[in-house]
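Dock chain B against chain A, hints included.
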Amino acid sequence: MGRNAKMQTGKAAGRLYCLLIYIFLFLPIAVIVVNSFNSTTSKPYLSWKGFTFDWYLKLFDNTALLASFGNTMVIAVVNTLLATCIGTLAAVGMYKYKFRGRTVIDSLLYIPVVIPEIVMGISLLTLFSKTNIPRGMLTLILAHVTFSIPFVIFNVRARLAGYDNSIEEASLDLGANRMQTFFRITLPVLAPGIGGGALLAFTLSLDDVIISYFNNGQTKTFPLKVMESIKSGVAPDINALSTLILIGTILLVVLTQRSSMKSKENKE
Amino acid sequence: MVGPVTLWLAFFVAVPLLYVFVMSFCSLDQNYNVVFAFTLDNYARLADVNYIAIYMQSLLIAFLTTVICLGLAYPFAFLIARTVSKYKGVLYMLVVIPFWTNSLIRIYGWRTFLGANGWLNNALIALGIISEPLDLLFSKATTILGMVYCLIPYMVLPLYTAIEKLDKNLLEASADLGAKKLTTYRKIVIPLTASGIFSGSIMVFIPCLGLFFVSDILGGGNSDIIGNLIERQFQSGNNWPLGSALSIILIAVTLLLVKLYQKCGGDMESLGV
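Just so you know, the sequences run in chain order A and B.
Heads up: the first sequence begins at 4 in this note's numbering, then just goes up one per residue.
Heads up: the second sequence begins at 198 in this note's numbering, then just goes up one per residue.
So that you can see chain A by itself, here it is in the shape it has in the complex:
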């Protein structure tokens, strides 16, 4: 075999390998999507009984499922707003000011990232139970903000790494006050980092199982609804809703990517 032919087979093997990994990653998603079109109505909804769109309509009659999805969305949105504000302020503050206790904050930040989620979940549970905060929407939001903040900070911090301080000085020299400078200079420059962090906070919240599981009380989020249904077999309407959520998230990300690319082009 010549050198060229050898390289060709090597390339083909590499492609095949990547394809296999992608198949591995997407196989269970394919199962979910296919089962959302399964016309079976008998538990545990495993055998294929023919193709139907019915579940996408029946979905809207399943009020408990829709309510859980509503809870998930409310939590995800509130979490994203809170975590993004707190995280952005913190990242900028930690970048600008040297103060004592900085390293303490830094190490506290890494805890939610590295510690197994179950430990975060039970530690918040013991706190809420000790302080008599009833478990529900509020505790879910508090818990989600706690694990989202570090990811926002890391994203904004990455953007700050290439930050040019002199533009702020210029703004101040030209007569803008600190407030104006923050909103009109600092924030726009950091926007991609903030956006990335917000998107991560949103998707982490949407998908969280373990921490929510310990802190939900009677409030069901969509993932917890899935967990409940697993014992009796996941019904096709849950698969249908999962498929819709996946499509929604992909659209959201494609759109944000596109708009951030556009703003980059405009700048250049």
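Among the clues, some could well be false.
[Claimed, not checked] With a Cα cut of at most 27 Å, we get these calculated BS3-like pairs of lysine-lysine:
| no. | chain 1 | residue 1 | chain 2 | residue 2 |
| --- | --- | --- | --- | --- |
| 1 | A | K52 | A | K234 |
| 2 | B | K362 | B | K377 |
| 3 | A | K9 | B | K378 |
| 4 | A | K9 | B | K377 |
| 5 | A | K9 | B | K365 |
Keep in mind that the hints were calculated from the coordinates and are not lab data.
Relative to the frame of chain A, chain B by itself:
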């Protein structure tokens, strides 16, 4: 500006963890209420042989998961990080997209796929390879499969970042100087991407000790991990002090591994995915 985050982290991270530590020394009264009477009983119970067997099993599952993730992810990350294809961005996104479908339902998807009535068995029967469905579920192997599935993106992403930073000239120089491909990998590529290997391994190994729903759904009770033990004490078992003591083990393992990681020159920032 750092006021809110300081308060938040103090109240929702530091205080709860300290409280778990305190609780691990508490006792239970007859009604299963936690009382603040100092005891070491919870820690004594950790040495139960049944528990020790589960710690060992959990560590073994985490170790195998990490090794398999690394083995599968390294060549994959290498290929997508060094491709010249214009679809490189898409290839990268395709690794992240599965994250956006709920992990529980994806794990359930595997159960559907591998079940007695699942796609795999049906396909094998249709092809005439087997006549009876294979019993593929509810073993350590399926639990490891689920763990690898859940955690492999955490291995791919840091490897991708490390490999992308590799200077192509170094590889060419190595080849020009007569090094064989394998030597180049061993002496240049692997050492220069070690940071990615370390952070990926830590991001896979640690969560693998806690993801109790994977062993619940795919292991069917045959492959419990430390996470299952803790979950039971906080739910059905209702023994929070014992659950807290079990959590302290997880915290200790985490701290130990993170220290080791920093000793090897690991950067905490790159654990953030």
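For each hint, the structure was consulted:
1. Taken as a hint, the A/K52 and A/K234 pair is honoured in the structure, with Cα atoms around 21 Å apart against an allowance of 27 Å.
2. The suggested pairing of B/K362 with B/K377 holds, with an alpha-carbon distance near 22 Å, which does not exceed 27 Å.
3. Annotation: proposed proximity of A/K9 to B/K378 holds, straight-line Cα distance about 14 Å (limit 27 Å).
4. A threshold of 27 Å between alpha carbons decides the hint, and for A/K9 with B/K377 the separation of about 15 Å falls inside it, so the pair holds.
5. At roughly 21 Å between alpha-carbon atoms, A/K9 and B/K365 fall within 27 Å of each other, so this suggested pair holds.
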